[in-house]
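**Q** Chain by chain, the residues:
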Amino acid sequence: MPSPEVATKVRDAITALKGADLKDPRLGEVLTLASQMSEAMQMFFSSIDRSLFDEMRYISSYIQRTRLEISNLRPNDLSEDRIPGAGAELHAVVQHTAEATNLIMAVAEDVMAADTSDPAAYQAFVSEKMMEIFEACTFQDITGQRIKKVVDTLTHIEQRLERFASVMGVEDAELEETAEDKRKRENLLNGPALNGPEVAQDDIDALFGTEGASMDQSDLDALFD
Amino acid sequence: MAVDMNAPVLVVDDYQTMVRIIRNLLKQLGFENVDEAADGREALEKMKKTKYGLVISDWNMEPMTGYELLREVRADEILKPTPFIMVTAESKTENVIAAKKAGVNNYIVKPFNAQTLKAKIASVLGDF
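Chains as they are written, first to last, in the numbering used here: chain E, 1 to 225; chain C, 1001 to 1128.
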């Protein structure tokens, strides 16, 4: 109820009381009851005020703590420095690996196509080409160091996110499947398995029958059991 | 029946280095006529223009995967008989089973060696 309306009603009530017969005992009882109710209401509203205040103070404190924890995550450092840095390192690894592989393959192709009619010249040529392969293999040391930097960054991010999730009591939400997720699922795009193939070539050979034998549907179905 | 070593072989892989490796291995095995495609869609377009004696395809490619290419090939009455070998790092049982069900002739898990490639080609085309 708006305040002016409340004031009007109170004023009307006082006017009515002034015009009433104050000697009437029933009116006295009513006034006593009204007074008690007024005190009770005052206490009630005071308690509401206190609990609201406590609730607001808790929310404020929670927001402050969240801000502090987000600040501890150093999101700007992650998004502007560490993650782009890790991406650049991986890009360099891919580039160096490809360059080295292409160089080694080019050398191998040169050797395979070389003229073997003069054994001495051929041997000298092959020795020279082998040195090029050794030189190309030095990429491994550099890529190893680059990958270690990426692993350090991932470990850093993992630790901070773990702490954030733990302090804030965060639980993983259910995510809706994206179009990309759907494509990966439908096309069985699992990627290379860690620690080598999940199904060994020998087992695949058994499935296909290296001697030309093939499996029928029941054999295939049995593999799902 | 003798293997026609002059029949064109289509190598499908989005990783140029792998295409080069397979091309060199095929050359060593005696297959001189090697063509290449960078994904399933490009491979399918080429297959509609040229009759290949063998397709060697990777699985994980964009925009069309090797698995999608395999299903497209097996669903096409003209392309259906083309021998198809999958060469991939996808090594989960579900992948091998799915490829087998889709009609792949053989399946090679990366990394592989020349001997494995030769054996699988021989199992599909016959000894050469």
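A portion of the hints provided could be inaccurate.
[Unchecked claim] Cross-link-like lysine-lysine pairs, in silico, DSS-like; alpha carbons within 30 Å at most:
1. C:K1080 to E:K129
2. E:K148 to C:K1118
3. E:K184 to E:K149
4. C:K1046 to E:K149
5. C:K1046 to E:K184
6. C:K1118 to C:K1027
7. E:K182 to C:K1092
8. C:K1101 to C:K1118
9. C:K1027 to E:K184
10. C:K1027 to E:K182
11. C:K1092 to E:K129
12. C:K1110 to E:K184
13. E:K182 to C:K1118
14. C:K1046 to E:K148
15. C:K1101 to E:K182
16. E:K182 to C:K1110
17. E:K149 to C:K1110
18. E:K129 to C:K1101
Treat the hints as calculated values from the structure; they're not laboratory data.
**Q** Does the alpha-carbon distance linking K1110 (chain C) and K184 (chain E) stay inside the 30 Å limit?
**A** Satisfied, since the Cα-Cα distance of roughly 19 Å is no more than 30 Å.
**Q** Within 30 Å, alpha carbon to alpha carbon, are K129 (chain E) and K1101 (chain C)?
**A** 46 Å, violated
**Q** Regarding the pair K184 (chain E) and K149 (chain E), is the alpha-carbon distance no greater than 30 Å?
**A** Holds, at roughly 29 Å.
**Q** Are the Cα positions of K1027 (chain C) and K184 (chain E) separated by 30 Å at most?
**A** 34 Å, violated
**Q** Is K1080 (chain C) close enough to K129 (chain E), meaning Cα to Cα at most 30 Å?
**A** Violated - the C-alpha atoms of K129 (chain E) and K1080 (chain C) are around 45 Å apart, more than 30 Å.
**Q** Given the hinted pair K149 (chain E) and K1110 (chain C), is their Cα-Cα distance within 30 Å?
**A** 27 Å, holds
**Q** With the threshold set at 30 Å, check whether the alpha-carbon distance from K148 (chain E) to K1118 (chain C) stays at or below it.
**A** 37 Å, violated
**Q** Keeping to a limit of 30 Å between CA atoms, is the pair of K182 (chain E) and K1092 (chain C) held or broken?
**A** Holds - the C-alpha atoms of K1092 (chain C) and K182 (chain E) are around 18 Å apart, at most 30 Å.
**Q** Decide if the proposed pair is consistent with the structure: K1101 (chain C) and K182 (chain E), CA atoms, cutoff 30 Å inclusive.
**A** Holds, because 21 Å separates the two Cα atoms, which is no more than 30 Å.
**Q** Would the hint linking K1027 (chain C) and K182 (chain E) be met if the CA-CA limit is 30 Å?
**A** 39 Å, violated
**Q** Between K1101 (chain C) and K1118 (chain C), does the CA-CA distance stay at or below 30 Å?
**A** Holds, at roughly 23 Å.
**Q** For K1092 (chain C) and K129 (chain E), compute the direct alpha-carbon distance and say whether it is at most 30 Å.
**A** 39 Å, violated
Consistency note: the structure conflicts with the earlier hints numbered 1, 2, 4, 9, 10, 11, 13, 14 and 18.
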